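**Student:** Chains as they are written, first to last, in the working numbering: chain S, 3 to 439; chain R, 3 to 439.
Derived by calculation from the structure, the hints in this document are not laboratory data.
The structure displayed is predicted, hence computed values, not measured ones.
Virtual Cβ for every residue (Gly too), placed ideally from N, Cα, C.
Be aware that a few hints might be false.
To be verified - Straight-line Cα separation of at most 27 Å, BS3-like style, residue types lysine-lysine; simulated pairs:
1) K344(R) / K229(S)
2) K229(R) / K25(S)
3) K81(R) / K229(S)
Unchecked claim - Not close to chain S: a few residues of chain R, all C-beta gaps over 12 Å, as computed:
4) L7
5) D10
6) F14
7) R17
8) A49
9) A50
10) A56
11) E74
12) I82
13) E185
14) D315
15) R346
16) A378
17) A396
18) A427
Okay, here's what each chain looks like letter by letter:
Protein chains: 2
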Amino acid sequence: MPVTLYTDAPDFEQRFVAMLSAKREDSADVGETVSAIIADLRARGDAALIDYTARFDRLELTPDTLRFSDAEIEAEIAKISAQERTALELAAERIRAYHSRQVPQDESFTDADGATLGWRWTAVSAAGLYVPGGQASYPSSVLMNAIPARVAGVERLVVCVPTPGGVVNPLVLLACKLANVDEIYRVGGAQAIAALAYGTSTIAPVDKITGPGNAYVAAAKRQVFGKVGIDMIAGPSEVLIIADGDQNADWLAMDLMAQAEHDADAQSILITPDPTMADSVAASVARLVPTLERAEIAGASWRDYGTIIVTRDLDEAAALSDRIAPEHLELCVADPEALARKTRHAGAIFLGAYTPEAVGDYVSGPNHVLPTARSARFSSGLSVMDFIKRTTLARLTPGALAAIGPAAVTLAQSEGLQAHGLSVAARLTQLNERSGA
Amino acid sequence: MPVTLYTDAPDFEQRFVAMLSAKREDSADVGETVSAIIADLRARGDAALIDYTARFDRLELTPDTLRFSDAEIEAEIAKISAQERTALELAAERIRAYHSRQVPQDESFTDADGATLGWRWTAVSAAGLYVPGGQASYPSSVLMNAIPARVAGVERLVVCVPTPGGVVNPLVLLACKLANVDEIYRVGGAQAIAALAYGTSTIAPVDKITGPGNAYVAAAKRQVFGKVGIDMIAGPSEVLIIADGDQNADWLAMDLMAQAEHDADAQSILITPDPTMADSVAASVARLVPTLERAEIAGASWRDYGTIIVTRDLDEAAALSDRIAPEHLELCVADPEALARKTRHAGAIFLGAYTPEAVGDYVSGPNHVLPTARSARFSSGLSVMDFIKRTTLARLTPGALAAIGPAAVTLAQSEGLQAHGLSVAARLTQLNERSGA
Chain S
3 MPVTLYTDAP
13 DFEQRFVAML
23 SAKREDSADV
33 GETVSAIIAD
43 LRARGDAALI
53 DYTARFDRLE
63 LTPDTLRFSD
73 AEIEAEIAKI
83 SAQERTALEL
93 AAERIRAYHS
103 RQVPQDESFT
113 DADGATLGWR
123 WTAVSAAGLY
133 VPGGQASYPS
143 SVLMNAIPAR
153 VAGVERLVVC
163 VPTPGGVVNP
173 LVLLACKLAN
183 VDEIYRVGGA
193 QAIAALAYGT
203 STIAPVDKIT
213 GPGNAYVAAA
223 KRQVFGKVGI
233 DMIAGPSEVL
243 IIADGDQNAD
253 WLAMDLMAQA
263 EHDADAQSIL
273 ITPDPTMADS
283 VAASVARLVP
293 TLERAEIAGA
303 SWRDYGTIIV
313 TRDLDEAAAL
323 SDRIAPEHLE
333 LCVADPEALA
343 RKTRHAGAIF
353 LGAYTPEAVG
363 DYVSGPNHVL
373 PTARSARFSS
383 GLSVMDFIKR
393 TTLARLTPGA
403 LAAIGPAAVT
413 LAQSEGLQAH
423 GLSVAARLTQ
433 LNERSGA
Chain R
3 MPVTLYTDAP
13 DFEQRFVAML
23 SAKREDSADV
33 GETVSAIIAD
43 LRARGDAALI
53 DYTARFDRLE
63 LTPDTLRFSD
73 AEIEAEIAKI
83 SAQERTALEL
93 AAERIRAYHS
103 RQVPQDESFT
113 DADGATLGWR
123 WTAVSAAGLY
133 VPGGQASYPS
143 SVLMNAIPAR
153 VAGVERLVVC
163 VPTPGGVVNP
173 LVLLACKLAN
183 VDEIYRVGGA
193 QAIAALAYGT
203 STIAPVDKIT
213 GPGNAYVAAA
223 KRQVFGKVGI
233 DMIAGPSEVL
243 IIADGDQNAD
253 WLAMDLMAQA
263 EHDADAQSIL
273 ITPDPTMADS
283 VAASVARLVP
293 TLERAEIAGA
303 SWRDYGTIIV
313 TRDLDEAAAL
323 SDRIAPEHLE
333 LCVADPEALA
343 RKTRHAGAIF
353 LGAYTPEAVG
363 DYVSGPNHVL
373 PTARSARFSS
383 GLSVMDFIKR
393 TTLARLTPGA
403 LAAIGPAAVT
413 LAQSEGLQAH
423 GLSVAARLTQ
433 LNERSGA
């Protein structure tokens, strides 16, 4: 059980900093192995992809069976219960509605000098989504990655999902169908990332790769970055709950354990100004953990990284939260909006006792792919913005160039870039001759 | 001189693909050296920073002289001519006006189920801008990095600029002043990046680092990524000009050489459906290069990477441009807006004969930090967005949870995440009891 920290204790700052800087993840150094896989994939294409799939996933494929056929997809989807199908459809619909509001506007304006300036947004042409196999093969993650891409206007949307021993999660295929994914390949690992980035005879390359994965997938994404775009490299997940004294301690315990059950490296933090609430939640967690299916994982996470902090007041809680910059921030207090305004750095905020973080993982609408490991200080969750890019536009009239061009010539000369200056000056000379004529 | 390619030649596709995949940059592998510098900086702080500055910049500093004093800054700025000062002020003002339009709106809406959803944007708290020393110490780049940060609302803005032998570019300091930079340190290289990311006794750490630099700076940015945010890792620069037959060939030649003079690895490309224009521009470049101050650099770039392509028509030119996804795209044609609509992937588009790319480097307003090496397929130039991040917000009423919560429970069970389901189900149970009571 974690020891409760009190902000009025003399050693609090020291212990808080130690908690902040604790490294929760041992990332195995698989860079060289991954480099070799990528090089092999680039050299041998489909043949390499098929070899690695036989070795790592115990599955014999041919170029013709790399891709799921429509009939296979329909056959798998037919196994899904009506209740699950309806739930996934609701999730897809709500995620689509939320993300549709994220599409930004183009801009164009003409200034006093006669320069017409602006920008426009266009979609990435092709995107690849990685979906892990096995236990962590989450249909919700397919929706959270694929729907923003579709809303953005991505033309070609590809999924790679490994199927160890040939086993596939039908709900993953249904999620792909609900998001209108164009192509689904039963390959995974670094070899799948390499195939998406460089292409093979069967899989055409994409421009952007998103989605979670193990250490090999993460290393491969880092290595192909630049050739293609990637989303963030996700670290272990965390939740921070700020609660006042008037909450249901069992609900908070469940919310903390919903985070802890993800991964032994996950972190669950409770901050409250009420020492009684702190004790009640700690006791409730202790009762809850042994009853959980994933008791071992959740227990390890809570034992190693679980944190309870008792503060002087809610303002102090908000200030500590900003130093942590949590991925998920639950505000279980009487006036959550007011407290939200006192925080600044968080991936997602869940306001009030009836907005448990888990509802956000599935159906509330906002994305569940969020910045981990304090990176909410400088980055955002996945969104439509990850699948579009901006082109700036400028058109100068001769008058506008006459007005602002001389300053460009001066600055180009200052920077020692003569041809820059010449390219502007030559046009100015012509304009001066014209106006003199 | 580059050979002109004709799209109707039988080997065109092969030659175009070879041009596309040519690697223009030999990036030295300095990763290990940089790792050692970062580790030393983390261990020894200011002392390491001072040692490396003595060794690499031949400059003896103390903790008290790491930072430029206000008096030093004013003394340097006093050396600047009125013409240069006015030009830089115009640039700053126009860049600020353009970027002020980029600040996105927050969003909040309540859906039919009673869920209030949305997001808000907040600024990164502290940003560090790297400015190279020596020849590539460009005041325009200071403005292009610092002004978007200020417009975004960054509270603390720090610049690191090496001053080899103690020599500083006064215009860099003026640019910092015009952008209201808070602190300027005379340090550079990997050690400056490490200081910004991890902090020293003198330099407090920042959350985001942007700005160009040499191979050591680029490697250091890659290594501290995750601890802090970074902007793109810039590669060699390129321009693509699409011109019809009715253009001034000398202007186009100057525009091509304005790109080529940056760097022997820069690339300048002309695409035109008019073979006579192709020949005229080639001849004009041949006359221009020997007259340039940077003839050697521009000549090498043009010889090794310069490309002229004659197409069947402008539509074909636009299609080739999209395959290249150039950093800068100049459309010197009768109807540049129409042609712009036929292209999709470019960092910045310059429309018409009176909008030379060089004017965009300094004073037109849009940012000159743009995606290189075909990355405009999936990324955007620097903007206010690089200094803000989005927090998603959700608040469910009990009624909203009752409406959508059951689907979350179903999906949590499908994914084997029991505590996720429990945290929602416990609240639903209470709501059912209440409504039953």
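**Student:** Compare the structure with the hints numbered earlier in the document and write down the numbers of the violated ones, lowest to highest.
**Tutor:** 3, 12, 15, 16, 17, 18
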